[in-house]
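Enquirer: Sequence:
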Amino acid sequence: MSQGNSNHEDKDFATKLIHFGLEIDKATGASSVPIYQASTFHHFDLDNPPAHDYSRSGNPTREALEHYIALLEGGARGFAFSSGMSAISTAFLLLSAGDHVIVTEDVYGGTYRLLTTVLNRLNIDSTFVDMTDFEQVKAALKPNTKAVFLETPSNPTLKITDIAEIASWAKELGLLTMLDNTFMTPYHQRPIELGIDLVIHSATKFLGGHSDVLAGLVVTADESLGRRVKQLQNGLGTVLSTQESWLLMRGMKTLKVRMEASESGAAKLAAWLSAHPAVERVYYPGLADHPRREVHEKQSKGYGAVVSFDVGSGEKARKLLGRVRIPLVAVSLGAVESILSYPAMMSHAAMPKDVRHSRGITDGLVRYSVGLEDPDDLIRDLEQALEA
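If you're matching positions, the sequence shown starts at 62 in my numbering and goes up one per residue.
Just so you know, these hints were derived from the structure itself, not from any lab.
Check the hints yourself; a few may be wrong.
[Claimed, not checked] Below, in silico cross-link-like pairs of lysine-lysine (DSSO-like), each with a Cα-Cα straight-line distance of 27 Å or less:
| no. | residue 1 | residue 2 |
| --- | --- | --- |
| 1 | K362 | K329 |
| 2 | K77 | K359 |
| 3 | K314 | K87 |
| 4 | K317 | K362 |
| 5 | K414 | K377 |
| 6 | K377 | K72 |
| 7 | K414 | K87 |
| 8 | K207 | K232 |
| 9 | K207 | K291 |
Please read these numbers as outputs of a predicted model, since none were measured by experiment.
Build the full structure now, drawing on both the sequences and the hints.
Expert: Listed below in structure tokens is the structure:
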């Protein structure tokens, strides 16, 4: 856990990525945060305990990362976890038995699985709604509703929720708001500034950016909520290791340039797919006809690097996945290499088929996370795969 630093608030985002306050080691002047590969710390004076005593409770390397993400999101406190799902699980454990949460309907499959197979056994109830329709959100309210969990753009159909609208309504009712900001990152979208209480990242994705680290991050809007998350992090022990904390900080330094390059490629790919006869539908917030594009533009600086598209059937999707030559065919997204995923069998395999289909996650839907390759090469590769 660490706190954001107001001394850096006047800097541009690109500058904050490099100069976040702890980038230079004060003891040696080293230009990289040291990896404190220690599980425990010596007490020189029992009457004056050290700042760190055990790495589960706090480690200087991890705390530098936690300070970093709190600064980027404009929050009060940041926390680093062993995975994105570890961060999401910890956030949901702010709730208690008997509580109810309203959730974006086409949420990430791992979040759906957690809610429907684990938290339901703990008597934490959830209702999934189409959050593009504010009336559905309000209609889902129950006497025991305690929180709202948003994902925008949603995964994988990129539906857009009006963050400020939901946050304002929830605040009036005293509901906790949580938002998964993995797709947009704080470079494009800062939900805390729009009224959200708690922001979550699967930092494995765009923040890490190199398919070499598993991590989750949480940022709270205020100190009080931060203390509650810290208690859970320490009690559950779901902390990020020092080595992966360091790797994640290294990846985050290039977030801006990576996001800009990947987004440029995604926009070009989405436009090309929209005109291809073998593609039935394309989902990308940057397309002129994407539903609620104007809402997205109001709350985000960009459109992201994820493009989903439907080729019409599971058979065609499988053939496409078997023919592409450049992207990884894999789980995950947000890396320097492009990744083509099949939600029906990967990210959303935990959803029953009828539930998936009702949310637009068809057997023909594939999700393309555009990396840093030349977009013309990606298009030529897709063209030969689709024609086959």
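Enquirer: Run every hint past the structure and note whether it holds.
Expert: Structure-based check of each hint:
1. Between K362 and K329, the direct Cα distance comes to roughly 18 Å. Compliance with the 27 Å bound is thereby established for this hinted pair.
2. Between K77 and K359 the CA atoms are separated by roughly 23 Å; this keeps the pair inside 27 Å, and the hint holds.
3. Taking the CA atoms of K314 and K87, the gap is near 19 Å; set against the 27 Å cutoff, the hint holds.
4. The suggested pairing of K317 with K362 holds, with an alpha-carbon distance near 12 Å, which does not exceed 27 Å.
5. Of the pairs offered as hints, the one joining K414 and K377 holds, with about 18 Å between alpha carbons and a cut-off of 27 Å not exceeded.
6. About 48 Å separates the Cα atoms of K377 and K72, which puts this hinted pair outside 27 Å; it is violated.
7. Taken as a hint, the K414 and K87 pair is broken in the structure, with Cα atoms around 54 Å apart against an allowance of 27 Å.
8. With a C-alpha separation of about 11 Å, the suggested pairing of K207 with K232 holds against the 27 Å cut-off.
9. Between K207 and K291 the CA atoms are separated by roughly 20 Å; this keeps the pair inside 27 Å, and the hint holds.
Going through the hint list in order, the structure does not satisfy hints 6 and 7.
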